[in-house]
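There are 4 protein chains.
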Amino acid sequence: MKTTTIKELTKIELKNPILIEGLPGLGMVGRIATRYLAKQLKAKKLARLYSPHFPYYVLVNKKGSVRLLRGEFFFWKNEAGENDFIFFTGDSQAQTIEGQYDVAGCILDFAEKNNVKTIVTIGGYRKEVEKTPRVVAVSTSPRLLNEALKAEALPSSAGNPIVGTAGLLLGLAKFRKIDAICLLGETRGYLPDPRAAKSVVEVLQKMLKIKVDLSEMDKEIEKSKEIVERMQEIEKRREKHAQKMRRVEEERISYIS
Amino acid sequence: MKTTTIKELTKIELKNPILIEGLPGLGMVGRIATRYLAKQLKAKKLARLYSPHFPYYVLVNKKGSVRLLRGEFFFWKNEAGENDFIFFTGDSQAQTIEGQYDVAGCILDFAEKNNVKTIVTIGGYRKEVEKTPRVVAVSTSPRLLNEALKAEALPSSAGNPIVGTAGLLLGLAKFRKIDAICLLGETRGYLPDPRAAKSVVEVLQKMLKIKVDLSEMDKEIEKSKEIVERMQEIEKRREKHAQKMRRVEEERISYIS
Amino acid sequence: MKTTTIKELTKIELKNPILIEGLPGLGMVGRIATRYLAKQLKAKKLARLYSPHFPYYVLVNKKGSVRLLRGEFFFWKNEAGENDFIFFTGDSQAQTIEGQYDVAGCILDFAEKNNVKTIVTIGGYRKEVEKTPRVVAVSTSPRLLNEALKAEALPSSAGNPIVGTAGLLLGLAKFRKIDAICLLGETRGYLPDPRAAKSVVEVLQKMLKIKVDLSEMDKEIEKSKEIVERMQEIEKRREKHAQKMRRVEEERISYIS
Amino acid sequence: MKTTTIKELTKIELKNPILIEGLPGLGMVGRIATRYLAKQLKAKKLARLYSPHFPYYVLVNKKGSVRLLRGEFFFWKNEAGENDFIFFTGDSQAQTIEGQYDVAGCILDFAEKNNVKTIVTIGGYRKEVEKTPRVVAVSTSPRLLNEALKAEALPSSAGNPIVGTAGLLLGLAKFRKIDAICLLGETRGYLPDPRAAKSVVEVLQKMLKIKVDLSEMDKEIEKSKEIVERMQEIEKRREKHAQKMRRVEEERISYIS
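Chains A, B, C and D, in that order, give the protein sequences. No gaps in the numbering here: position 233 of the first sequence is 233 in the working numbering, and each next residue is one more. No gaps in the numbering here: position 151 of the second sequence is 151 in the working numbering, and each next residue is one more. No gaps in the numbering here: position 218 of the third sequence is 218 in the working numbering, and each next residue is one more. No gaps in the numbering here: position 116 of the fourth sequence is 116 in the working numbering, and each next residue is one more.
These are computed hints drawn from the structure, not numbers from a lab. Treat each hint with caution, since some may be false.
[What the hints assert, rightly or not] Just some of the chain C residues that point at chain D, by a computed CB distance under 10 angstroms:
id: 1; residue: Q93
id: 2; residue: T96
id: 3; residue: A166
id: 4; residue: G167
[Unchecked claim] Here are the computed lysine-lysine pairs in the BS3-like style, where the Cα-Cα straight-line distance is at most 30 angstroms:
id: 5; chain 1: D; residue 1: K177; chain 2: D; residue 2: K236
id: 6; chain 1: C; residue 1: K244; chain 2: D; residue 2: K63
id: 7; chain 1: D; residue 1: K244; chain 2: C; residue 2: K244
id: 8; chain 1: C; residue 1: K63; chain 2: A; residue 2: K131
id: 9; chain 1: B; residue 1: K244; chain 2: D; residue 2: K240
id: 10; chain 1: C; residue 1: K177; chain 2: D; residue 2: K2
id: 11; chain 1: D; residue 1: K15; chain 2: D; residue 2: K177
id: 12; chain 1: B; residue 1: K45; chain 2: B; residue 2: K244
[As the list claims (entries may be wrong)] Only some residues are given here: those of chain A computed to face chain C with a beta carbon under 8 angstroms:
id: 13; residue: L9
id: 14; residue: A158
id: 15; residue: I234
Built from N, CA and C at the ideal position, the CB exists for glycine as well.
Chain A with its partners taken away, still in its complex shape:
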């Protein structure tokens, strides 16, 4: 495989489709939110993206078979609304600079071909989150940004970088006359963060006038809380030990000098 390739699994006519993208990244926010939406809406397989810029390993699945790392497109026929949806998520981001630009370009090729006029990308925003994580929005379209702010997203301060596919899609979409918005859930980013993903999904529900059941997400949050608590306990003990070691060292020095 020499170039990034998209393999279509089905042919379907979509009605003013909106593309929602979320790949692995900070706190896995984009991937968790996008997968959750696709799953809850029972979105169907549309296409797969393979790339020589993905890591060079394959993954074993439950049946003892393997598959290449890939991106996956799903679609959802939104009978009640004006826009069908395409979801894009996957195993990995491209691993090289040039690969990042290349994969983002291929995603946009596919979006254009399917008459996508609006793209939503999802990611994480590093922050020491106290209570409910907030969602930061940036957009190449004032209209979309306004809709996000009405849905309780916050504007971003200038100068922030948005790294990876979630950012590049916005930057490159402009040249194709595709409006795009990026929603970033606040996250400490160390571990998969379903809480941040939930905040993004809530903003998205309001913006896109869709409704998904969030109870499964709450279960994931409970599970992740336990992991975080265990991690924090380990961290505390480590810190305590480090303090003790510093004290020992200080005493040694004051003793000697």
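We have chain A; now place chains B, C and D onto it with these hints.
Below, chains B, C and D without anything else, positioned relative to chain A:
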């Protein structure tokens, strides 16, 4: 040299050939097993693969000449059975991400051209091995997987990554309608591990209904045992020394505090 | 995006244009000087350069929109003089070796297309600067070098490397029969250094017979002085602390031995 | 610049030319030997090689001009002998794996075009050299290897890698039916090593039946000896200091425990 290139050394019609691949990797299991089979079956030279993604040095041979790093294809006419064999082994894996995908693609081009319908790739599986190393099998074909399990290979748990050419060949073969199976010999992976390679060869013998003399392999295992024992002794002494140093340090701290 | 691309924003006939280039680099000297000149001369947007060799993130701007990293060409119609000017600056240099050569080549393609016969590149020169930073000049044209020396630039000693776009443009311009000069402002290089940029601008004013108001630059220098002073204080304290620690350690050792 | 490019400076018919290559590498042996031969024989400029795989900086020369890093071909009309000579040396080797294969391929393109049938590459061989450095030879041609051994070069043991252009040229020349030999001067490799280069030149003189004055080389060796002696003194002092520190530490530990 700008692209990966295969130079054919002979033209031959092969009968339903099966490709067996093993390159250097964890414990050298793939390379040792593949070379052993090719040697014992007196397989003949078929083609060579050169690539600008291999390391940029040449190797001196016994006659004082040098050669580029390369992959080598051998063939074996299996008069008694239904399938001839092609073996692929070599000096190195590709050194870049894109190079890994490119080399795997070129191997598959060659396989397709020779009407290969089944591929076996061989590698190592990191594990603290106590007794006889076991062999883990994954396959894109339930039929092949089943044959491996019948030959006493174990199924893999889901989520395991298979890194490098042994994995990518499986992932990419699917697009070409070629069945593929990967056999991974359990190995600590630090040193060339003929014991793990022997386990793989034994599974392969049953699966492929071939018979090779394993006495040479046993000699290699004896030699490698001596090396391992020497290494372990060094390790033990190092650990003893580290323990002593830690004790000294602890005493110092308890003395001071 | 697979290749470096220049998007023209306006078509304009320029009179013997001179290209002045300054990208981020040592002390940000090139970028500060070039941006300052373009701003003071009220240069207008001419074109933008995008590249898959730039870092893979986008920047948020004041309106909450984002944009790709890019290079920017501006032009200034110099009614009083013989030469119009094109300025080139941007967010980043290319991130890979091959990318550096590629981007420099694309800048030259654009220069040639606009009949540029002279290029000035600006950068920083690492030096512990005591008083006013001096400007070092190198040029592929003895005539240009001579003009720079008359404008009080200093010649460079042989063997110095000039890294990045500022250097490659000179090296590559030779093959296109374009004269080029590089002006390097002396700088410690740790922080954005408007003082070094001002020295370069002063040389350029004399060389190119243009006149810009430098009072804004002086304000930037004042601001940066405060930052430098604060940094130096921190450094002093760190050094003091390190000395103290070394003393403690020495005493400990002399005490023990 | 997107690809490696050779710019011819002159057109000349050469008589059975032999190409002698030496780029910077271990101990700079290849570059020193090749430059010395070209200079002593008053070889003339033939062509230059530029590559986007070379480091991305330019070098300032004595006149205050700059130039890209490059490779240089020189030629020498050998009136008395059967073979004219082409010398190839330069500032740098290619910086990426694929670049190494690409540059070696371009050198061979140029060699083929000039009807080169024999190539000599020169490099360094890491060894703690006591007295006069010896020269190790490997060759794709038994005839050439034999000539080198007669000229007092030593054969290489099997398995040695020869890294970089000096090695790849041999490996790749085979495919073009060009005989090639590599001469490696023994060197500690830390510093430019004219002594190792001289040993190689002496072997070459015998092999190629040429005669060059070696007195300039002897001067370089004298200079380098002084540098080595100064370096060794620094090393000794450092070792002494380290020993002292270890003793202090040991005493401290025995004191404490």
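Quick rundown of the hints versus the structure:
1. Because the smallest distance between the Cβ of Q93/C and any Cβ of chain D comes to about 9 angstroms, under 10 angstroms, the interface hint for this residue holds.
2. Given hint, T96/C at the interface with chain D, holds; its Cβ is 9 angstroms from that chain's nearest Cβ, closer than 10 angstroms.
3. A least Cβ separation of about 9 angstroms between A166/C and chain D falls short of the 10 angstroms threshold, and the interface hint therefore holds.
4. Residue-level restraint check for G167/C holds (minimum Cβ-Cβ distance to chain D is 4 angstroms; threshold 10 angstroms).
5. Proposed proximity of K177/D and K236/D is contradicted: the alpha carbons are some 50 angstroms apart, above 30 angstroms.
6. Taking the CA atoms of K244/C and K63/D, the gap is about 49 angstroms. The hint is violated against a cut of 30 angstroms.
7. Pair hint K244/D plus K244/C holds up; C-alpha atoms about 22 angstroms apart against a cutoff of 30 angstroms.
8. Proposed proximity of K63/C and K131/A is supported: the alpha carbons are some 27 angstroms apart, at most 30 angstroms.
9. Taking the CA atoms of K244/B and K240/D, the gap is about 26 angstroms. The hint holds against a cut of 30 angstroms.
10. A hinted pair counts as satisfied when its Cα atoms are at most 30 angstroms apart, and K177/C with K2/D qualifies at roughly 19 angstroms.
11. Pair hint K15/D plus K177/D holds up; C-alpha atoms about 18 angstroms apart against a cutoff of 30 angstroms.
12. Taken as a hint, the K45/B and K244/B pair is broken in the structure, with Cα atoms around 55 angstroms apart against an allowance of 30 angstroms.
13. Checking L9/A against chain C by beta carbon gives a least distance of about 25 angstroms; that is not within 8 angstroms, so the hint is violated.
14. A cut of 8 angstroms between beta carbons decides the hint on A158/A: the least distance to chain C is about 5 angstroms, and the hint holds.
15. Given hint, I234/A at the interface with chain C, is violated; its Cβ is 30 angstroms from that chain's nearest Cβ, farther than 8 angstroms.
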